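Residue numbers (this note's numbering), protein chains in the order written: chain Z, 28 to 1045; chain X, 6 to 487.
No wet-lab data here; the hints were simulated from the structure.
Fair warning: there could be bad hints in the mix.
[Unchecked claim] DEER-style ranges, computed between Cβ atoms: (1) Z:410 x X:251: 33 to 43 Å; (2) Z:850 x X:463: 19 to 29 Å; (3) X:463 x Z:1009: 37 to 47 Å; (4) X:463 x Z:795: 41 to 51 Å; (5) Z:511 x X:14: 24 to 34 Å; (6) Z:579 x X:14: 18 to 28 Å; (7) X:463 x Z:410: 39 to 49 Å; (8) X:85 x Z:1037: 50 to 60 Å; (9) X:337 x Z:406: 29 to 39 Å; (10) Z:945 x X:85: 24 to 34 Å; (11) Z:850 x X:483: 18 to 28 Å; (12) Z:945 x X:251: 54 to 64 Å; (13) Z:410 x X:337: 25 to 35 Å.
Quantities reported herein were computed from a predicted structural model and do not represent experimental measurements.
The beta carbon of each residue, even a glycine, is placed where N, CA and C say it ideally should be.
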Amino acid sequence: QTVEVRGKVIDANLSIGISGVSISIKNSTRGTTTSASGDYQISASASDVLVFSFIGYKPVEKAIGKASVINVALEEDVKGLNEVVVIGYGTQKKSVVTGAISSIKAKDLENIPSGRIETALQGRVSGVTIAANAGQPGSASTVRVRGLTTFDTYGGNNPLWVVDGVIIDNGGIGFINQSDIESIEVLKDAASLAIYGARAASGVILVSTKRGKSGKLSVNYTGFVGSSSPAKQLNLLNASDYGTVMNEKSVAAGGNVLYPNPSSLGAGTDWQGAIFNNNAQRANHEISISGGNDVSSFFLSAGTQNQDGIVLKDISGYRRDNLRLNSTHKLSKLISIGQTLAYSHQKTVGIGNTNSEFGGPLSSAINLDPITPLVVTDPTAAASSIYASNPVLRDKEGRPYGISSIVGQEMTNPIAYQQIRLGNFDWSDDFVGNAFIEVSPLSNLKFKSTVGAKLSYWGGDFFTPKYYLSATSGAAKNTFSRSSNTGLGWNIENTVSYNKSLNNHNIGVLLGQGLYIDNITSGTSITYSDLPVNTYDDASFNFSLPAAQRTGSAYTGVEHRVTSLFGRLTYDFKEKYLFTGIIRRDGSSRFGGNNKFGIFPSFSAGWVVSNEDFWKENNIVKSLKIRSGYGVTGNDAILNFGYLSTIVGGRNYTYGTGGVDIISGFSPSAPSNPDLKWEETAQTNIGIDATLLKNLTLTLEVYRKKTSGILQTITLPGYVGATSSPVGNVADMENRGLEIELGYRKRFGDFNFSANGNVSFLKNEVTYLGNGISFITSGAAGFQSMGSITRTQVGQPYNAFFGLQTAGIFQNTAEINAYKTAEGNVIQPNAKPGDFKWVDTDGNGVINDNDKTFLGNGLPKYTIGLNVAMDYKNFDFMFFAQASGGNKIFQGLRRLDILNANYQSSVLSRWTGEGTSNTYPRLTNNDTNGNFGKASNFYLEDGDFVRLKIIQLGYTLPNAIISKIGAQKLRVFVTAENLLTLTKYTGYDPEIGGNVFGIDRGYYPQARSIQFGLNLKF
Amino acid sequence: CSSSYLEVLPKGSSLEASYYTNQSEAFAGLVAVYDIMRKNSGGFENMITMLNAGSDDTVAGGGGATDGVGLQSFSNYTISPTTVPASYWGDHYQGVFRANFLLSKLPNIPMDATLKARYTAESQALRALYYFNLVRLFKNIPLITTPLASTEIYNVVQAEPSAIYAQIEKDLNDAIPVLPISVPASDAGRLTKGAAQALLGKVYLYDNKLSEAAAQLAIVNGTPNGANPYGYKLLNNFSDLWVVANKFNSESILEVTHTYASNAGWGNWGSGTDEGNSVVQMIGPRTLTRPTGSTAPAYYSGGWSFNPVTQDLYDVLKNDPRFSATILDAKALKAAKQINYISGYQDTGYFINKFMPKQSDVSTGLGNIELNFRQNSYIIRLADSYLMEAEALGGTGARAQALLDAVRSRVGLPSIPVSLNAIANERRLELACEGHRWFDLVRTGKAATVLSSKGFKAGKNEALPIPFKELENTKIKQNPNY
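Bound-form chain X, shown alone:
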């Protein structure tokens, strides 16, 4: 019985020691870093529905008070280390781990030097994006930039948020000169120079480096409603932003891709092999039917009624031209006997029309229809970038006015005097339910006031609690007051 008889080698998966030896393996490693971008809108625990639940735009909703305990407890601010979904922490760190790992291997991979530089830049930019989400969600987080040795695992400590921001800004500044100005249609979704600059501008804004923020965003934005180096342009018709076919439109700067082609099922939902959009499924009404003779659009009928829109958002948007593209007034449709649906938990009668699927949007692939919506989602679009620059400019001056006007005029609204308040208000209306509102409120210090009725407590709820398991056997300390 020699011990070589006992050496069985894996088939179909490689050992770490013998991988990352050529260009295609480097590319596969890069795709694994991109994989985590899914987190924005893929899987039950995605960024958009979670951040909506915590904001004043929507409540948690769903099937009942215990449906999605993370969403529910974030919505009513009873969130605790045991109810916060650990994946918001863990998934982003998976992205960081994969980026760190690839960045440690890339220098030794024999491959085309230009491509190697690009893969490096993309990994850095993605790592920046993931750390940006982590630091905004959890504030006090470990800074890990190289693969951890097994002896280091339990000795990791948290870094100051300023150190995290410094690393994010460094990564983006390193990546921007290398990233391509544009990518061919077949590569759409990969990082471009403009996307990284917009992201960097946003990071500076959160890091309170306003002039740097304005400078970066100015490059991306160019002339409001006019030229910029990347050809970005607001869509003429606001509602076209939410049409399934309009992927990678001219307004899109950083976009997350989804497809039905992965044929996702319950077994891989929210994992690396699930490429579906879950937001669309989650926000739809339950068992929506149309009585005979209804003239309502043929909506998809099987949603889960998460993120019902609050009366508050309804009231502020009611007379805005963006209302009907943003909110589906199912209450009115039901009263008019155009549709019927089962009321879910915290039903307000209003649903997010931006993500509301039509029957024609339903997947024709093989996987579960509810898990295979193909709508992409925006992380940054030009209107957002305009408003961020205006804010970074202090909400004053001709350029800030022009940026605000550009956003308003696209939907046929007249100019109003620019101010930080006007910009904040415009952000809420323009970007409603897209996952920005909660971060905006926290960044501008308004969260404690605006969200107090939901239970938000100043000095505590500006960051999520660190998932309980992270504290087990480690040196990680819980965020204050949790």
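If we strip away everything but chain Z, and leave its shape as in the complex, we get:
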């Protein structure tokens, strides 16, 4: 017999309604949620039991019986112990978790205007370092879980992303729509990671997407529009200062005065101003519908985002459209099935050459002289041979874009450069989904089979006109190329799980088997050259060109296969004594015959002290759990066939008087290494979860992880004659860290306050590099003509900055002569006043490469995130700030091998005579002391920064108004991003990701933006 039940759910302390409380009928999939005022209504039968639950409150069950009105007062659950976390192939109550897992729920991500999931995750959890690779819209970030686990030759430091159980190996995580995310769990220690075995060493990030709840149909819309601008511009020399500085440089080297009257040059060209876009548009719209009944439930969403870049707006932008359907169906009491399917289309228009000192448009804007005009307006100059006889680019009036005759090499007029990339874009279409069937013959026994796949299509269209940007950058013929690729990765997993509680002993067992194939990839690329048109808009593959003008290439990827068996045992006694054991056996196609399979075990235990009888309830420590674990995980991110000696082509030569016939040569590349095997990471973790003073939650983790047998290319001696370096299990590295997460929530009448903070400290050290090898330079970062600027050495962090150490500047000849060895030899006899005094590290009286020393590390030592939210009546306010530090940044914005490149205004404080500067050396075109040419701490700056990443102010319209349109909630908000960054760093942006963190070569800065948005719920 069906009855209509209604009522109101209130906060027990505050006696006000709580919106969004989930009300479900026990042992069914039906349910509903409360309105903004806390009211609800549901159809049920008299024998049903209603379960009221809401995050942060203790759940309440009420039998209906004869009642038609059931009001409930929920009590806050300060411990948050009933929260459930995803742990891989299942979930676990947070109170009994023994590993180090950080979790973020949908609520924390709502309304945050991130383009990509990595940005959403940034600063939210401890132990995860995330830095953008570029501020270009849509570009990926570098994500590191607990620092560097391996040497980064093949991307092995990237965590494994698992979306609804589908391992996302290829093409990145960019496809996922933030609003679809229900939760993100970051598995950090080996005790939790071992369930993903051979690919888990660098962390696993589990993403679960939303599923429908039975009950009333729920419709949500979130949208915002806004505008972005660069947060910072560099102070570069204007033309008259530039002229003065160039004169000084030239004269110092015995040259002429180049600009007799520098002040007449005036301000000159502002190249930076020319490339920046102060009004880059951004829009985001997302809508979702979810609902269901006893049998089926669904979640359907669609979204679109469109973002213009802040640099060279015509060739910088990102668009993504996405669609998702998740559903679950109950076929019978025993069998249920379900699926997830997401489609996303991405289109990226990029400026190319980001963070490159070789002709990146930002680099050009920084280095070009301010004398060359942006556009040549003087008709005489425009008629000179360089413009008249070359296919130069012109503005709408037909005037040529200026070409510098002062600064050459790769530096080109960035606005002209923009013209040659107009219309070019990359695109991708991703289909990611899975389907499962779950059979539950007994209430505590479950069989589950899942098939998951990611099918991707991607490619790009690229037209380069016939052009002339400078003497070294041009094309005599236009080309139009198109590439298209297909990639498929799929997996099958079968698991059986059994749970049993007996006399306070709770046991759970999971056994599973999996099969994975990815990189089933192929692609083609074609290029048409010398088309009869010269713009992207006119270009077409429909032109019939002779075969010689149509070239193409194709490839087939090498499959990566993994086969696995895994099991997990969880046990607890009265939720007081906890134990988890995991074992996984993986086989990978990337390993040699001698070591195809590896076994990865882990054990962890916990003790909930506060559940002991002797624990007296108190208000200082409300709850306390101590846990510890140890385990081993692996990494197989290496080259395919690293263990074989293959014959490779491309050792070509030309024969014949015709001089155009290239003959292909083949030879072996390197000797084989059949002993190649897993890299193993052993990790020990100790953690404490506590609730202090009623409102403060604390999680503390201390860990030590050691990776041994790091897969690294072995640098064979050159006399072996190998063309490539084979891969071997060579090095060992260790990370130690401390992580703290703090949460605080309190209500003061109508005022709600919550704060969540996290702090992570990290220390990375290379402990072994092979017998007798103290350092390696493979994988080192290079810079311009300096060679390597980082080095990997035993006892130091991986790829730490390495160069000469300055000891001030010689102010006069007496100081030069006074700098001598114990034997009285002058150490820098050729130095001039104004030159750097280099530290003679090895004390042999000569300054050379042996004096180079470690100068700092690019990876931050600590990262901090702080999220503060508050609301008062209908107003809400939040801000999110992050900080990191202890790292150095290599500030390489100026091309030191281009004598006439422009300078930042810091050059004005250079050494010009005794006592003028002890940090910035003299300028000369004959820099024999290598003041600028040598890698040294002169280029390194502190990377510490504090950034106010997001501020948001929202207002929820009163019920009286929104009920007129039948809505449940209508909220308007305004968000500002990157409003404030406190840093001493002199480049655009101190947050610089990449394989080696913190090298600034003309980095695409992050945007500052403001957005206006709307949440609407029916």
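The hints should help you fit chain X onto chain Z, whose structure is shown.
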């Protein structure tokens, strides 16, 4: 989960175990040995610009004092194990490795016996060439003539230079009887009997086996300015040697091939798939422009200004008929407002005209124009061979006189009495900036005197330092005084 599921085989590349089974695979292996000949003039780290930088003909130049640290430090003799470009060592050993590998496989490949003999001879001759470069550059080097087993890799030691020379001479003597007297036009660039003999003569000269050197070179040279078995002949016009179209001319004995057809880009520059000539790009002036009305040739404008010619070479060549073909006096052209260019590092105003590209030489292919010049380069040409024989003859006698006269008369110079000094002087003028000068100075013991102002130290700089990485974990010992 059977382990056969985990066996994924490579596509498009073969396993060593299953390769070298037929004639075409043998040929592909041979091409890979030839590939390293590129080193003479291909890639940033090529022989010609490096050897020029170390000589008194040019300095390093380029964009700045740190542009090409190998070139710079060789030019001012601060070169050290960490600044010497390791590729001069490694690339040549790659050639040796490929030759060793092919020579170990050839006996078991079922194929035409004549061709097999020829491939063997070519591999031997190329291995000789690569070892010749190695021993002249580094002096104390390991001698490896078979593929190394993995257990042997770290136990290799250096051989006496005499043992290296013995192996080079053996390889060439084995190859010469088998190599063809001439090759069809489609095979131009492959080793011939004459090329191997000229090379052997040169090797003997460096090994101080003068009579053997003279004997080999005499066969190649034949009658000065007259007949020889291979049809070699000096070009009438000296400057024609540097015309792009004159590949494999009658004066060319051993030539390195380049083409724009590989469409090289920055990603493969200097690698096996780059077939471009980089010397031409490197020595050109920076941002060269011609004002309206200029009558100067339409030069290529985007060079990198390496190897600016020294005032010293300018002075000795100034009144020589070969001056204008050898040196571009950009200083004078600039003063006359015929051209303008950005001065690079160590700019002298003089550029190497032998390699100076004209706008019409610029690649019309698809790759980066700066990486795709198609000029070939000479390793040995007949004038060089004449002068080497004259030197091997001790710089005396009628034949030596005739050889010297032949070189001089081609450019309209009168006969002068032959002597070792006269020959050395003629070599400098005739072969300026072609990569011979530094080796000549070291071979004749004059380097310490002539190059002292650049910082050359006797007993040290006669050989390059062995690249630092070669000493890591190996038994290789550094050259003296580095």
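Going through the hints against the structure:
With their beta carbons about 37 Å apart, residue 410 of chain Z and residue 251 of chain X fall inside the hinted range of 33 to 43 Å. Between residue 850 of chain Z and residue 463 of chain X the beta carbon distance is about 24 Å. The supplied range of 19 to 29 Å therefore holds. In this structure the hint that residue 463 of chain X and residue 1009 of chain Z lie 37 to 47 Å apart at CB is violated, the actual value being about 59 Å. Residue 463 of chain X and residue 795 of chain Z have their C-beta atoms about 43 Å apart, which keeps the hinted 41 to 51 Å range intact.
With their beta carbons about 25 Å apart, residue 511 of chain Z and residue 14 of chain X fall inside the hinted range of 24 to 34 Å. Against the hinted window of 18 to 28 Å, the Cβ-Cβ separation of residue 579 of chain Z and residue 14 of chain X comes to about 25 Å, which satisfies the hint. Checked against the given bound of 39 to 49 Å, the beta carbons of residue 463 of chain X and residue 410 of chain Z, roughly 58 Å apart, lie outside it. Separation of residue 85 of chain X from residue 1037 of chain Z is about 55 Å and conforms to the stated range, judged on CB atoms against 50 to 60 Å.
One distance hint, 29 to 39 Å for the beta-carbon pair residue 337 of chain X and residue 406 of chain Z, holds here, with the actual separation near 31 Å. The beta-carbon spacing between residue 945 of chain Z and residue 85 of chain X, approximately 29 Å, falls within the hinted interval of 24 to 34 Å. Against the hinted window of 18 to 28 Å, the Cβ-Cβ separation of residue 850 of chain Z and residue 483 of chain X comes to about 24 Å, which satisfies the hint. Checking the proposed 54 to 64 Å range against residue 945 of chain Z and residue 251 of chain X shows it holds: the Cβ atoms sit about 59 Å from each other.
Between residue 410 of chain Z and residue 337 of chain X the CB atoms are about 26 Å apart, so this pair conforms to the stated range of 25 to 35 Å.
Checked against the numbered hints listed earlier, the structure breaks hints 3, 7; every other hint is satisfied.
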